[in-house]
Amino acid sequence: MIENIDIIICINCFIIGYLLGKNSKIDQNNGVYDQYTSKKSTVDNISTKIHIDERKVVSEIDTKGLEKKYSEIGEDTVSKEDISNSINKLKNIKK
Amino acid sequence: MAGLDVGTSYIVLAKEEQNKVLYKDFRDAFYTIKPTTPVASKMIEKGLSGRTFIKDSDGSFILLGKDAIEKAIERNDTAKRPMYRGVVSAKEKDAKRILAFILKEVAGQASEPNEKIVFCVPAQPVDQEDDDFDVGYHEDIIKTILSECGYQPRSVNEAEALCYAELADNDYTGIGISCGAGMTNVCVMLNGEPTVVFSTTKSGDWIDRMSAIATGEQDSVVQAEKENGNFTIGQPNDSQILSAVSVYYERLIDYTTKNLSMALANHKSLPKFKEPLTIVIAGGTSQAKGYLEYFTKSIENNGFPLKIKEIKQASDPLHSVAKGCLIASQVL
Chain A
30 MIENIDIIIC
40 INCFIIGYLL
50 GKNSKIDQNN
60 GVYDQYTSKK
70 STVDNISTKI
80 HIDERKVVSE
90 IDTKGLEKKY
100 SEIGEDTVSK
110 EDISNSINKL
120 KNIKK
Chain B
76 MAGLDVGTSY
86 IVLAKEEQNK
96 VLYKDFRDAF
106 YTIKPTTPVA
116 SKMIEKGLSG
126 RTFIKDSDGS
136 FILLGKDAIE
146 KAIERNDTAK
156 RPMYRGVVSA
166 KEKDAKRILA
176 FILKEVAGQA
186 SEPNEKIVFC
196 VPAQPVDQED
206 DDFDVGYHED
216 IIKTILSECG
226 YQPRSVNEAE
236 ALCYAELADN
246 DYTGIGISCG
256 AGMTNVCVML
266 NGEPTVVFST
276 TKSGDWIDRM
286 SAIATGEQDS
296 VVQAEKENGN
306 FTIGQPNDSQ
316 ILSAVSVYYE
326 RLIDYTTKNL
336 SMALANHKSL
346 PKFKEPLTIV
356 IAGGTSQAKG
366 YLEYFTKSIE
376 NNGFPLKIKE
386 IKQASDPLHS
396 VAKGCLIASQ
406 VL
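For the protein sequence lines, the chains are A and B, in the order given. Residue numbers for the first sequence follow my numbering, so the first one is 30 and each next one is one higher. Residue numbers for the second sequence follow my numbering, so the first one is 76 and each next one is one higher.
Hints are supplied without guarantee of correctness; some may be wrong.
Here are the simulated EDC-like cross-link-like pairs (lysine to aspartate or glutamate), alpha carbons at most 20 Å apart as the crow flies [stated by the list, open to error]:
{"id": "1", "chain 1": "B", "residue 1": "K168", "chain 2": "A", "residue 2": "E96"}
{"id": "2", "chain 1": "A", "residue 1": "K109", "chain 2": "B", "residue 2": "D244"}
{"id": "3", "chain 1": "A", "residue 1": "K120", "chain 2": "A", "residue 2": "E110"}
{"id": "4", "chain 1": "B", "residue 1": "K155", "chain 2": "B", "residue 2": "E187"}
Hints in this document: simulated from the structure, not taken from any laboratory.
Given the sequences, and given the hints that come with them, work out the whole structure.
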């Protein structure tokens, strides 16, 4: 009989402790996880992830030290094709 | 307005003038010679007279374009490229500087403030994932350089530009495949809207590299032999180099068509086309004899999931992408 009472007291203590612990872990107002009072992962409780912009930055491309030693660069060609029809057709199709 | 094809092997500028299109092509290559003494410097400079070269602040000479390739072959060496596999090369220390110099020279200053220029960028490859391939960074570099020339730059996908240039008679519906030196770019277009774009990182340079390994020659030597064009894909050749080139061409086409079939099979964004499609192919790598025939055979053998009306080569394979960029500059 005494053993049964001990078991019931233990179970009640566990339930009360569990509920109190759970309530203290998360600030209900903003959903921010208290990392000092729990081992549970924070990821599930934050709805949107914040990313840092890791794109490479284009630093200055200095070409001033390069001295040109020629007159003309590249090969020029002229095509008599008229691209105005293609332009108009594409403009219409993209409207 | 202008269109600019920023390719691994060629940079092509297209401008419209009095109902004609003017193209300026420049080979995207450089070769550095560093003199050891002041006397050697004078001798080298004299020897380079008439060639396209620049002198760097450290005294070295940098040959540009075709002259760079010729000089590299003379010295049994390989010319360098400011670009690798479709984007600014992370391998070459001077890549950004040289590319900036070449682009500024080819594009020139904008004819009016904020003149619109559309340049091409590759799609994300399906066969490579590493930090060296960064399309966004590449795009930012080109934009920075062109902005310094007074342009208002905007990018477009390379194969999308090809579709704009070549699919007007098909209501801008079909598939464009741009076979450049560094990459093969693909765009599936429906009524002027790109629906699927992707790329593979194996193209002309891969053929050069593999043939060079097989024959023990320099890449530049293989490239020069290949570009002379004295071979037909799928046919035997007396030259060891061209024989290897022909075999690697077959493997490249097989690889490209397999990737094409795999990428489009069950693709969620792929529209349900009512009519059979036209496939248009462009780029320097597609100019080899027998390319179109072998490509057609290979696409049939590799289970291409869509009905094909015809497979054709672009009317001007080296200029199509630049022309598409020029068209885009007036529409987008």
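message: Need the status of pair A/K120, A/E110: alpha-carbon distance at most 20 Å?
response: holds (18 Å)
message: Check the hint pairing A/K109 with B/D244 against an upper bound of 20 Å on the C-alpha distance.
response: holds (18 Å)
- prompt: Given the hint that B/K155 pairs with B/E187, does the C-alpha gap stay at or below 20 Å?
  reply: violated (34 Å)
field: 20 Å Cα cutoff - pair B/K168, A/E96
entry: holds (19 Å)
Violated hint for the displayed structure: number 4, the only one.
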